[in-house]
Amino acid sequence: MNEMTPPKEERSEALKGLGCSRKRVEDARFTQGKGNYIDDIKLPGMLFGDFVRSPYPHAYVKSINADKALEVPGVLAVITAKDLEPLNLHWMPTLAGDKQMVLADGKVLFQGQEVAFVVATDRYAAADGVELVEVEYEELPPLVDPFKAEIEGAPILREDIAEEKEGAHGPRRHPNHIFTWEAGDKDATESVLDSADVVAEEMVYYHRTHPCPLETCGSVASMDKVNGKLTLYGTFQAPHAVRTVASLISGIAEHNIRVISPDIGGGFGNKVGVYPGYVCSIVASIVTGKPVKWIEDRIENLTATAFARDYWMKGKISATKEGKITGLWCHTTADHGAFDACADPTKFPAGFMNICTGSYDIPTAYLAVDGIYTNKAPGGVAYRCSFRVTEAAYFIERMIEVLAIKLGMDAAELRRINFIKKEQFPYQSALGWEYDSGDYHTAWDKALDAVNYKALRKEQAERLEDFKAGKTRKLMGIGLTHFTEIVGAGPVKNCDILGLGMFDSCEIRIHPTGSAIARLGTISQGQGHATTFAQILASEIGISADDITLEEGDTDTAPYGLGTYGSRSTPVAGAATAMAGRKIRAKAQMIAAYLLEVHDGDVEWDIDRFVVKGAPERFKTMKEIAFAAYNQAIPGIEPGLEAVSYYDPPNMTYPFGAYICVMDIDVDTGTTEIRQFYALDDCGTRINPMIIEGQVHGGLTEALAIAMGQEIAYDEMGNVKTGSLMDFFIPTMWETPNYQTDHTTTPSPHHPIGAKGVGESPNVGGVPAFSNAVHDAFRAFGLTQSHMPHDHWRIWQTANKLGLHD
Amino acid sequence: MIPAAFEYHRPDSIDDAIKIISEHGDEARVIAGGHSLIPMMKLRMADLSHLVDLQQIAELKGIIIEGQSVTIGAMTTQHELIADEGLAKVAPIMTEAALQIADPQVRYMGTIGGNVANGDPGNDMPGLMQLLDANYTLAGPNGTRTVKARDFYEAAYFTAREEEEILTSITFNSPVGGYAYEKQKRKIGDYATAAAGVLITKDGGTCSHASVALTNLADTPIYCEEAVSILTGSDLGAEAIEAATIAAVNASDPGEDNRGPIEFKKHAAKIVIRRALERAIERA
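Taken in sequence, the protein lines are chains X and S.
Terminal number for the first sequence in this note's numbering: 806, no gaps in between.
Terminal number for the second sequence in this note's numbering: 284, no gaps in between.
By construction, these hints were calculated from the structure, which means they are not laboratory data.
Mixed in with the good hints, there may be bad ones.
[What the hints assert, rightly or not] A short, non-exhaustive set of chain X residues, derived as facing chain S with CB atoms under 10 Å:
{"id": "1", "residue": "130"}
{"id": "2", "residue": "709"}
{"id": "3", "residue": "733"}
[As the list claims (entries may be wrong)] As a list, the in silico BS3-like pairs of lysine-lysine whose alpha-carbon atoms are at most 30 Å apart:
{"id": "4", "chain 1": "S", "residue 1": "266", "chain 2": "X", "residue 2": "474"}
{"id": "5", "chain 1": "S", "residue 1": "42", "chain 2": "X", "residue 2": "62"}
{"id": "6", "chain 1": "S", "residue 1": "42", "chain 2": "X", "residue 2": "68"}
{"id": "7", "chain 1": "S", "residue 1": "42", "chain 2": "X", "residue 2": "34"}
Virtual Cβ for every residue (Gly too), placed ideally from N, Cα, C.
Pulled out of the complex, with its shape left as it was, chain X reads as follows (with noise of 0.2 Å):
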């Protein structure tokens, strides 16, 4: 007979799995500077490369001279496209259908852009050899307002594909459009408008930003030439579409190619592109027979890989009198700078931009948007959200805001009357997407109880008769968010990369003493993956977290899986891990039959082990199972414990949430100070708790930066502004407010545990409380928009054009 049989709780616990805030098991190593960062990657014999970047937002390249950058000691090679052009290397795809130079090839179109490679024995000579290679440039007139790019006499930035009617997503109807992406009924939403009570109508600008991740992008690229191998380590947030693209594109086999995420510093959607650095350094490998190594300086982080953002959308949205939305319009001109890098699914080159009708339930909508060139830095990934999610929320709750102000109503109330009803889930939105699962209301309502939304009003009245007396020159506002995410793609039926599916995987061995290891097609930048995933297979396959190591990021060893960007880890490798856990369940359930000597039938799972129908005495532990599937003959079934999943979900996961601050603004310094943030997240099944409280810190406080300050700004030459953390919001504890969160749990009804992915919420769900505070503070003095970031001086000018200052 087995060992007494410890109490369900007490089993249950021991395995840290669902629910459980266990420690971060990552923490230790990152905690004690023992981290394997990119840069931490040495290789006897490496070289280091550095770019010759354009000073120049808009110029032809008339000549490259490296003679003199030649003669610095431990210059070894510099490459330009000229080198490059022999391989087919000059130009590469982008994630989004169109091409990007990875060296200037005859021209630069944003300032920042890689103009020369130098290979260098250290990285001090590297940048000697930058400083000496000698470019001459005919400048040309630069584009930087989007607004522009169509007009009369505009500069023409791609002459490359200047004919070009057709792009990848539809026709061009000029050469510095790059396409126009629909969705929705236009002739319906537009009679709609018409004839509605009330249409409010605003320019909504949410400006571009930079995801900047502590680590900044780079790779070490070694080619073997004895055996052909090429290992490429990189900053990469998708490993196995590298390695695919990678073979596609240099036409070395996939097998001999292996790409390594190390640790990674962040991503946040900014090392999910593919950049020209990454090339160089492959091709350097490949010439000098040497590994090379290329990484960023901040400097270049912010100015050259993938910015965020930068959509203008003008929305009209109409309504009853009473309140009752009809009807959502939107037009967005996206800048999407001097390539189209977007980091899309193949068939959405706006992202999921059409959840804009967010948690409403509105019956008729239209959305059309235009990708155009202008001289900027290419990018236009999902920083911290799925793409272009943050968007689209903070289009809807500013739209929902500015529609109050018209009604006269509280915006609140306008919330509660519009939002989905529990009882419409599955719902099916008016620009296509089916919403799984949603309880808006009970949400909505516990936060504003929370924050005693009532008394707050009273008290901001109060405050305004203050102000109006004299009393005071600090304003009060409430910023309400309630937001609804899409994320998790995808089902390959809609969703790839380039063509590759967006499914997911996990592979699962279990050893023979009853510990186990998995490994997965994601790559955690932070989240804490080997720390949550195996707390899904603990609840799963009954095994102690705290005995399952998880691995990702090693194309050689991993299973094939998209990467990790949009929230959809957990929605779909989340999934894979289940599912993989279960097919070893279902192994183990015959082992423990056989085992115990009755039918597969006549056993039951519990908790970490398989019992004997109606005789709880008789079991068989996880652990034992194990030792028996290896070493022990069992007729019919094959040795080991093995299993790998691939999945892809049925459908997108809609994690939602309700997000209320309270800031106080002092008109005449444009300062502010948030009082109070609650932020309540839906996202189905809570994995662990610690992380998702920690997810929920770190996004609000990436959603403060953004609103409140954070930009990647552009002078009227097209030279940047922000390209440095001087000017680069980052907060810091100071700045950082104390945040009070809070949940409900609405679990996904198609995901296999139910759960639906939450770091990304508080960057979309953040950057409209933040903003919606500042507006609301203005409401009584006819404020309807203004444009983020929020910062000292864009403050005192909207509270300046008010007359609050006379």
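Position chain S relative to chain X; hints supplied.
The following block gives chain S in isolation, referenced to the frame of chain X:
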């Protein structure tokens, strides 16, 4: 962000340091905390062949308080200023202002000498030195000389210091009465959007002595003479505060940058000046 090659010198006396810079002329630069120079070198905007590190020179460090006179060695760090209890007693405005400079990590390295000598309009200490009417001691191949802080700044990064001179110490008389240093900035670590320092001494109901100075509101720090003359002898009432504020704003000449347009900066200046005045008067 990698500097060009340079030769590194680490003299242990002022004389040796001067010898090195005299020898190499404009190819040599002294380095104190390095927070301005090193980024410039990394950006290859500062072109130098010889870097003369002053941190080994003991005579450049320390705070000496003798009666009314306060002398601070150029290599004294901002952190040391904050930590010095004697200085907090005789010149609490130094502590108040130093706490508003950058962040603790920067203050462990950043020195008062580097802060005042570099001529960067964003630095806080030059404005404070206007306020305190400090004297700078400069040592060069021909001996030492003293320059008033109010005569030192000529334009952004241009000062009365000769190329072969080292700023060795700062001297001022400990202020009496009320004081305040008000700084508006975008975030911790940033330079001022607008900053103002005020000193007020009262004799009965009348202002017997005043000083007003501004930081980062022109390409040099500003001592506001007109505001001072309005305040001196006044009753420090609302009217005097308003007039002095306007006079100080008029003395400013801010430029547009990422912190905002000129109009905003003038408005922010007005607010910080008024707040500094009110707080200094309250403390007087």
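Quick one: which hint numbers does this structure break? Sort them smallest to largest. none
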